[in-house]
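Novice: Listed here are the chains, written in short residue letters.
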Amino acid sequence: MRQATQGRDLELSRRAFLAATSGMLAGAAAFGLASQAEAGQRHPKRGGTLRFATRADVSGLDLHRNTIYLVSMPLAAINQGLLDLDQKSEPVPGVAAAWEASPDLLRYTFELRHGVLFHNGREVDAEAVRWNFERMQDPKIAQPLARAALENLKATEAVDKYTVRCHLHQPSAAFPADVVYYPCALMAPDSVEQADLHPIGCGPFKFVTWDRNNLTEMVRFENYFETDTEGNSLPYLDAIIGRPKREDGVRLTALRAGEVDLLDSMAYADAAEFPKKYAGKFQTWNVPTVGTSFILFNLEKGPFTDKQVRLAAAHAIDHEAIKQAVFHGTGEIAHGFYASASPWYADGVTAWPAYDPDKAKFLLRQARAVGVDVVLQTLPTPPYMQQTAELVQAMWTEVGFKVRFNIYDEVALQQKRRERDFHADSSAASYRWDPDGWFSRYILSTAPTTKIYSGFQNERADQLIAEARRTADRKKRLELYAAIDSIVNEELPILYLQHLTLLEAGSMRLQGYHPSVSGAFSTRGGGIRTAWME
Amino acid sequence: MVMYTINRILYLIPVLFILTVAAFSLVHCLPGDVIDVLAGQEGVVDPAVRQALEHEYGLNKPLYTQYFIWLNHVLHGDFGTSQVTRRPIALEIFKRIPATLYLAIVGTIISLLIAVPLGTMAAVKRNTAVDYAAQLLSLVGISIPEFWFALLCVLFFSLYLGWLPSSEYYSPFDHLGLSIQHIILPAAALGIRQAAITTRLTRSTMLDEVQKEYVDTARSLGLPEWKVIYQYTLRNAMIPTLTISGLQLAQLLGGTVVIETIFAWPGVGRTLFEAIISRDFPVIQAGVLILGVAVVVINLLVDLMYRVLNPRVRLA
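So the protein lines, in turn, are chains A and B. Numbering that gives the first Met the number 0 puts the first sequence at residues 0 to 533. Numbering that gives the first Met the number 0 puts the second sequence at residues 0 to 315.
Misleading hints may appear alongside valid ones.
Taking lysine-lysine and the DSSO-like style, the derived pairs with C-alpha atoms no more than 27 Å apart in a straight line are [as the list claims (entries may be wrong)]:
| id | chain 1 | residue 1 | chain 2 | residue 2 |
| --- | --- | --- | --- | --- |
| 1 | A | 415 | B | 60 |
| 2 | A | 139 | B | 211 |
| 3 | A | 44 | A | 139 |
| 4 | A | 474 | A | 87 |
| 5 | A | 401 | A | 474 |
For the record, the hints were derived by calculation from the structure and aren't laboratory data.
Starting from the given sequences, assemble the full structure and let the hints guide the process.
Specialist: If you want it as structure tokens, here you go:
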């Protein structure tokens, strides 16, 4: 028997599991996860309405059909999953108060907290979880990230009202990270008919109204199960008003004009100056994210099928220049997928080829590829992708590549990728709470995404990814992922560039707001849940 | 007049038919479809899933069949549902029309309020300081990019003076006071640029008019100068101004994406832009058709206004 807790070997006996479960429940209560019957009273003073400006808005409201979390942070507050995230983006008890894994990591059993309610008053029971997971696995319904998160799930069993058992196709130590609220948010099964108009989740805030690209309104869910350390019920805020404002400058202006209280991110150019210029007038939070930008090489077609040419391209790239010019010195240069603030940051990864334009020219001559045509492509937004590509184009041109740079929208870009009609791609990926979510989708040779991205095939990397997935020991897993990142840096299917950060800013009236490493607005003991307006 | 109006409305039928064909065809020239969008960042769609979704959205039928199905629904007043949000088009597009219409009309009114007096004064006081100032202002107005002027307005009136809000939309039917506060900057940003063009036009048509014989006749009959200018000359000079303003208004209905983005204005332009990015064909088709109808109707109204301004204009 195994018990999934952070930083601990998962081997446990059944007795130990029960003891640990009881302990966890007690601990959870102490740390603000009381059962419904024990839920605290409303804090006598904390409340208010948060006006919140975000870059984007969701496409639709159905929690399973649409990516909600990263797109509309306000709407993410209606979400809750089987498991929650803590401030370091580690899976922790959520709707499930505890969980255990079978010794072979093929079965996970989740004990549900009693009395957790959906916003329509229906209890979140095992049957509701089963219905949710099955709907999220339906390729005609669910958005790709949710489907991908549950692709290893063979069957969901409602053992009894408060026990859910998940049977997996293959052993996986990563499964708990797959069932947190992003991307696997739970919705009330009896609300499916209204899912596109009025979603019913079980998160800290209830949906009120949504006018796409204009307004989102939510109010506090009075029966949310989480409490603060003093036993007061969370969240503190009475309401959230979301105001999508696509342009970075427009959001910042709205904050400065006092029209909003919080913005989700600002342009990197502003992020460098704003905290100093407006110190004492506005609060800022420099939040590292689980997001990394990179250059992706097409290993199946064009000049980068030759490793020598990839090495030349890598030696031509000045990471520090990109950090300064594109990211205005914020964040950190990426040597692996996870940044140093992440619990999955791995030490000892073999570095990618250092910036050395002379060596790049030499390698290019040696490969008889001087003046070779390179098609570099990217999306127009977020702006850093395009700006990075422009710099890379200049750096590659300087050492002897002939670079054609194309910008496409998402659909056209994916078409180019599928048709393998590109040589390199300035891209980024984010919010993979467990490294398996990154490596098994972008590096594993059999993964559909790898096939249309780099087309990378490396037997050793495949073995390590499979081994890491079935390894319960966290330290051992970290070593395995470091080894995979070393292979990535040597073979260069992708070249890591920069770990992304978010600079959030808010008015001085906003109190108790603690964004997490993931930039999550709704994490246990932090984010919007613990915020209030003075 | 009645026959003319009926005739013009009948002309609309082939125009709108051509518009539906153009809207439908152009939309389907875009690479990819909504299923690619739903595949999202992963970019991979299982062929069986694609087949099922194509069947669900009717994308597996021949294009001409899809067109006639859509046309049939439109003729029955059903624009369908968005393939992305799965909400009725009424919520996606119709709800945006008042915001866009409001912005375009107020912008045009601001434009006319500036352009007509300024252009008239410039013509009446030709080659004086007033004329030079009006010409300079209109030249500056034409030269300044719209987005830049909008940003200047925000910086000065919202951040520096703190008089007006920098963004957001409130319906005049729900919150009249807030709505007026929020419309001023975006409408001014739109209207002042339009005013620059209309001022020059008004000036030049007024100059033509004041040289005509009927003006001399009116003056020789001893009519006061203000009456000659404002009751007779200006009225005739307004016909081209009205034509241009009508066209500008029609253009504003679909062409305010930049202003809508800067002022976070939830109009049709932004919605259409988002729909194009996400290949939401029903929304794009409905949007293009509705805007097309609006343009045609505005042109008809402008033509009818000619007769009001100048009864000698025969509408036949």
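Novice: Run every hint past the structure and note whether it holds.
Specialist: Status of the hints after comparison with the structure:
1. Between residue 415 of chain A and residue 60 of chain B the alpha-carbon distance is near 25 Å, which keeps this suggested pair within the 27 Å criterion.
2. Using a Cα cut-off of 27 Å, the hinted pair residue 139 of chain A and residue 211 of chain B is violated, with the two alpha carbons roughly 72 Å apart.
3. Distance hint between residue 44 of chain A and residue 139 of chain A is unfulfilled; the C-alpha atoms sit about 46 Å from each other, more than 27 Å.
4. A threshold of 27 Å between alpha carbons decides the hint, and for residue 474 of chain A with residue 87 of chain A the separation of about 17 Å falls inside it, so the pair holds.
5. A C-alpha spacing of about 44 Å is found between residue 401 of chain A and residue 474 of chain A, which places the hinted pair above 27 Å, so the restraint is violated.
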